[in-house]
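Sequences are here, hints too, so could you generate the full structure?
The primary structure of each chain is shown beneath.
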Amino acid sequence: MTHKPLQHNQCKAIDDLRNLLHRSQGMVLDEDLTKQLDHLCRSLESEIKRSNYPEGGFSHDPEIGWKLKNFSKQKNRERRQNDNIMDVIEAGLCLLDKNLKIIWANKTISDWLDLKDSPLGRNCKDIFHCKEAEIDNCQALKVFKGGESHVLETWITTKAKKRLCVQRFAIPVTNKKGTIENVLVHIEDVTESDKSLHWLFLLQKLGEKMQGTLHLDTLLHLVLTCVTTGHAFGFNRAMLFLINKEENVIRGKLAVGPSTREEATRIWGEISNKYHSLEEILDALEYNSNFDNSYSLMTQQMKYTLTETDEIIVTCAREKKAIIVADAAHDPRLTEEFRNAIGVNKFVCVPLIVRNESIGVIVADNVYTEVPITEDLVNVLTMFANQAALAIENAETCKRLEDKVTQLTTTQQRLIRAEKFAAIGSIVSYIAHEIRNPLVTIGGFTRSLSRFHFEDAKIKTNLDIILDEVVRLENILNNIANFSKPSIPKKATCQVCEIVKNICSLMENYFKERNINFSMEFEPSIPPILAVSSQITQVLFNTLMNAVESMPDGGDLSIRIKLIDKTIKIDIMDTGAGMKKEELQNIFEPFYTTKLEGSGVGLVISRKIIEEHGGKVSVKSKCGRGTTLSLFLPIQ
Amino acid sequence: MPTILIVEDNKNQRLLYQEELQREGYTTVMAFDGKDALEKVREEPPDLIILDINMPRMDGIETMGKILSQNKQIPIIINTAYSSYQNSFMTWAADAYVVKSSDLSELKNKIKKILTDRPKDF
Ligand SMILES: Nc1ncnc2c1ncn2[C@@H]1O[C@H](COP(=O)(O)OP(=O)(O)O)[C@@H](O)[C@H]1O
Ligand SMILES: [Mg+2]
Chain A
661 MTHKPLQHNQ
671 CKAIDDLRNL
681 LHRSQGMVLD
691 EDLTKQLDHL
701 CRSLESEIKR
711 SNYPEGGFSH
721 DPEIGWKLKN
731 FSKQKNRERR
741 QNDNIMDVIE
751 AGLCLLDKNL
761 KIIWANKTIS
771 DWLDLKDSPL
781 GRNCKDIFHC
791 KEAEIDNCQA
801 LKVFKGGESH
811 VLETWITTKA
821 KKRLCVQRFA
831 IPVTNKKGTI
841 ENVLVHIEDV
851 TESDKSLHWL
861 FLLQKLGEKM
871 QGTLHLDTLL
881 HLVLTCVTTG
891 HAFGFNRAML
901 FLINKEENVI
911 RGKLAVGPST
921 REEATRIWGE
931 ISNKYHSLEE
941 ILDALEYNSN
951 FDNSYSLMTQ
961 QMKYTLTETD
971 EIIVTCAREK
981 KAIIVADAAH
991 DPRLTEEFRN
1001 AIGVNKFVCV
1011 PLIVRNESIG
1021 VIVADNVYTE
1031 VPITEDLVNV
1041 LTMFANQAAL
1051 AIENAETCKR
1061 LEDKVTQLTT
1071 TQQRLIRAEK
1081 FAAIGSIVSY
1091 IAHEIRNPLV
1101 TIGGFTRSLS
1111 RFHFEDAKIK
1121 TNLDIILDEV
1131 VRLENILNNI
1141 ANFSKPSIPK
1151 KATCQVCEIV
1161 KNICSLMENY
1171 FKERNINFSM
1181 EFEPSIPPIL
1191 AVSSQITQVL
1201 FNTLMNAVES
1211 MPDGGDLSIR
1221 IKLIDKTIKI
1231 DIMDTGAGMK
1241 KEELQNIFEP
1251 FYTTKLEGSG
1261 VGLVISRKII
1271 EEHGGKVSVK
1281 SKCGRGTTLS
1291 LFLPIQ
Chain B
6 MPTILIVEDN
16 KNQRLLYQEE
26 LQREGYTTVM
36 AFDGKDALEK
46 VREEPPDLII
56 LDINMPRMDG
66 IETMGKILSQ
76 NKQIPIIINT
86 AYSSYQNSFM
96 TWAADAYVVK
106 SSDLSELKNK
116 IKKILTDRPK
126 DF
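Sequence lines, in order, name chains A and B.
Per the working numbering, the very first residue in the first sequence carries number 661; after that it's consecutive.
Per the working numbering, the very first residue in the second sequence carries number 6; after that it's consecutive.
If you are wondering where the hints come from, they were derived from the structure by calculation, not from laboratory data.
Heads up, a few of these hints could be off.
When the alpha-carbon atoms are kept at most 25 Å apart in a straight line, the in silico SDA-like pairs for lysine to any residue are as follows [claimed, not checked]: (1) Lys1161(A) to Arg123(B); (2) Lys77(B) to Ser1165(A); (3) Lys113(B) to His1113(A); (4) Lys1172(A) to Lys117(B); (5) Lys1161(A) to Asn114(B); (6) Lys117(B) to Ile1102(A); (7) Lys113(B) to Ile1136(A); (8) Lys113(B) to Glu1129(A); (9) Lys1161(A) to Ile82(B); (10) Lys963(A) to Asn904(A); (11) Lys1172(A) to Glu25(B); (12) Lys1151(A) to Glu67(B); (13) Lys1080(A) to Ile1102(A); (14) Lys117(B) to Asn1177(A).
DEER-style ranges, computed between Cβ atoms [said to hold, decoys possible]: (15) Glu1115(A) to Lys16(B): 27 to 37 Å; (16) Asn17(B) to Arg1111(A): 13 to 23 Å; (17) Pro1212(A) to Thr121(B): 27 to 37 Å; (18) Arg123(B) to Gly1274(A): 37 to 47 Å; (19) Arg47(B) to Lys1150(A): 29 to 39 Å; (20) Arg47(B) to Arg1111(A): 10 to 20 Å; (21) Thr1066(A) to Lys16(B): 56 to 66 Å; (22) Glu1115(A) to Asn17(B): 26 to 36 Å; (23) Ser1179(A) to Thr121(B): 20 to 30 Å.
Sample of chain B residues lacking proximity to chain A, with all beta carbon distances greater than 10 Å (derived) [what the hints assert, rightly or not]: (24) Met6; (25) Glu25; (26) Asp38; (27) Lys40; (28) Glu67; (29) Leu73; (30) Asn76; (31) Gln78; (32) Pro80; (33) Ala86.
Note that the structure is predicted; figures quoted are calculated from it, not measured.
We treat Cβ as the ideally placed atom computed from N, Cα and C, and that holds for glycine.
This is the structure we're talking about:
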């Protein structure tokens, strides 16, 4: 290899540098930096030109010794100047020879890589702490072989203990003949742009995770974990409040964070030992539910009406803007209550907004580490809150749907039960009708037999027993006869008063036999209604029978029909035994009866019929005094 | 003595009504279905008809309609196991509606009442 004058080499390097700059315009390189380098090239060039040395190499002139001395002096001055420039530019630069040894480096490199001694002469992989894979895939070597350099990105800790994200790549430096003699490694600080990227990536990841969580409580926990975990926002504590529109309040739902400094130290230690990435923490979330702590319990006690104008959380929700409180003790936007509850001087409130409407607020602070809350962080937190709000709304909708489904299921089950009931009813009704005819015959003949005179008194007694049993069976049949009918009954216009008169005239004798004083009282002009009169008759029969049965020693029974608004009210009043409160609660239960010979279906059927007519049944009763049963039938 | 036509498809019940009403002193005529009843009415109109509703061939309601169109004078008592047939039309058209019972006193009372209310003047 021939030694060429330095200045020639330098010119060549500058050319190369410039070439490269041209080529890399519009690429990853920062524009400022490109300009800076360009400027650098220019100044280097003019420096060299100003040193008026003849081009073309060494001559063996006698003057040469002096000239050479002069030249090296000049050269040194020049180099110092260049070094000064190189040292102040915001980029790390170092020049490698073919053995990847550093032959020149600027000061920035030493600062950034926190090097104690001069890197000159060292192998580049030692100062960059290259990993195995990186050594195999050495970009400088690649460039020496004529390839293109990739950009490598790493995190470093500088001499000033600052964490920087840097990108480095190798630039070939050729001589006049075009052979690559050196490689310039260029290191650039991309921490800021990387931070934004990092946040974007994180937001996307958290968003995905949140959208995939439809269980509301789990989601709320997830949201707060994101706010507090060191891998994401890294706040010490966070609370979440949700608005309840119906109640017009904003209420604390959940809080995540240690209750004391000691707990904080312990938990954070545990977490950093146990989990190494955000994913790991979020995945483990379901299994660590530590939100029963006092901090969370306190949060759940917090509740403010939305009309409370001087509450910071309400303000935050109403104005839909994040609020950073820097001095809670003197901030007029806080109530004393809230100040005491949160117990920290600096915190941030971020609204949860969906479709331009607040659904809640997140409050976060750094009560233990006292790390300042920067505006940048709050901006990202706001973006995160928007995603969280959307997910929360989804989960709430999902929950509402779930509730609806449960409701539907119970309704369906009720319908099925009702249907079964009706099916049983129609069987019962069929059997009842079929049984009645033979009963009539049995009872009728028994009765006619019992009129004869028998020598043996036992025959008479036995006949009476048969008769009693027949009557009892018939009574049961009377109660369930109209339980359900084989065909759907047709409603027709009919007069309730007429129906009542009819059935009462049928029962007149029956009342008399039992010493029951019966009376009817109708308001004039009760309008006709659409009804199945046989069913209404059945209801009246069942209720009148109940009234009669409550007065075994006789009493007063009266029916009163009134028109109230657009409803016909039929009162059936007796002066019988009445009912206790416990009894009253059960009388509409199928098969509930207090009678030895009761069926317990009379009132169930009656209510069913009245409800089918769009009406309702109510009962008032006083134990020992009597009962009033009221039927309400609307006029359509 | 008044004549009562009993329309009932159940043989045993027919026997019961016959026995019981004869004991009350009435003359009884039996019909086992609607068609039979119509013939009996045509042959010799009774003083009163007791009609079951559920019968084969022609049911009680149809029978009643036919009888009424022939002779509006004869009172009819509907006697049935089905209280559900007690709709307004039936109640108004018939002179009485008695739900079948082994205790015939209600039926007997109705018969007596109807026959005394309407003195036999033809
Ligand atoms: N008028 C009333 N007075 C007192 N108790 C009544 C009256 N009506 C209903 N009850 C109570 O409600 C119960 C249920 O009535 P119901 O459904 O008709 O069945 P049942 O009459 O066969 O017992 C009765 O057993 C009785 O205890
Ligand atoms: Mg009852």
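Hints, one by one, checked against the model:
| no. | hint | in the structure |
| --- | --- | --- |
| 1 | Lys1161(A) to Arg123(B) | 21 Å, holds |
| 2 | Lys77(B) to Ser1165(A) | 23 Å, holds |
| 3 | Lys113(B) to His1113(A) | 22 Å, holds |
| 4 | Lys1172(A) to Lys117(B) | 18 Å, holds |
| 5 | Lys1161(A) to Asn114(B) | 18 Å, holds |
| 6 | Lys117(B) to Ile1102(A) | 24 Å, holds |
| 7 | Lys113(B) to Ile1136(A) | 23 Å, holds |
| 8 | Lys113(B) to Glu1129(A) | 22 Å, holds |
| 9 | Lys1161(A) to Ile82(B) | 17 Å, holds |
| 10 | Lys963(A) to Asn904(A) | 10 Å, holds |
| 11 | Lys1172(A) to Glu25(B) | 23 Å, holds |
| 12 | Lys1151(A) to Glu67(B) | 21 Å, holds |
| 13 | Lys1080(A) to Ile1102(A) | 32 Å, violated |
| 14 | Lys117(B) to Asn1177(A) | 24 Å, holds |
| 15 | Glu1115(A) to Lys16(B): 27 to 37 Å | 31 Å, holds |
| 16 | Asn17(B) to Arg1111(A): 13 to 23 Å | 18 Å, holds |
| 17 | Pro1212(A) to Thr121(B): 27 to 37 Å | 33 Å, holds |
| 18 | Arg123(B) to Gly1274(A): 37 to 47 Å | 41 Å, holds |
| 19 | Arg47(B) to Lys1150(A): 29 to 39 Å | 33 Å, holds |
| 20 | Arg47(B) to Arg1111(A): 10 to 20 Å | 36 Å, violated |
| 21 | Thr1066(A) to Lys16(B): 56 to 66 Å | 58 Å, holds |
| 22 | Glu1115(A) to Asn17(B): 26 to 36 Å | 27 Å, holds |
| 23 | Ser1179(A) to Thr121(B): 20 to 30 Å | 25 Å, holds |
| 24 | Met6 | 19 Å, holds |
| 25 | Glu25 | 6 Å, violated |
| 26 | Asp38 | 15 Å, holds |
| 27 | Lys40 | 21 Å, holds |
| 28 | Glu67 | 16 Å, holds |
| 29 | Leu73 | 19 Å, holds |
| 30 | Asn76 | 24 Å, holds |
| 31 | Gln78 | 22 Å, holds |
| 32 | Pro80 | 15 Å, holds |
| 33 | Ala86 | 4 Å, violated |
Hint compliance for this structure: hints 13, 20, 25 and 33 are broken, all remaining hints hold.
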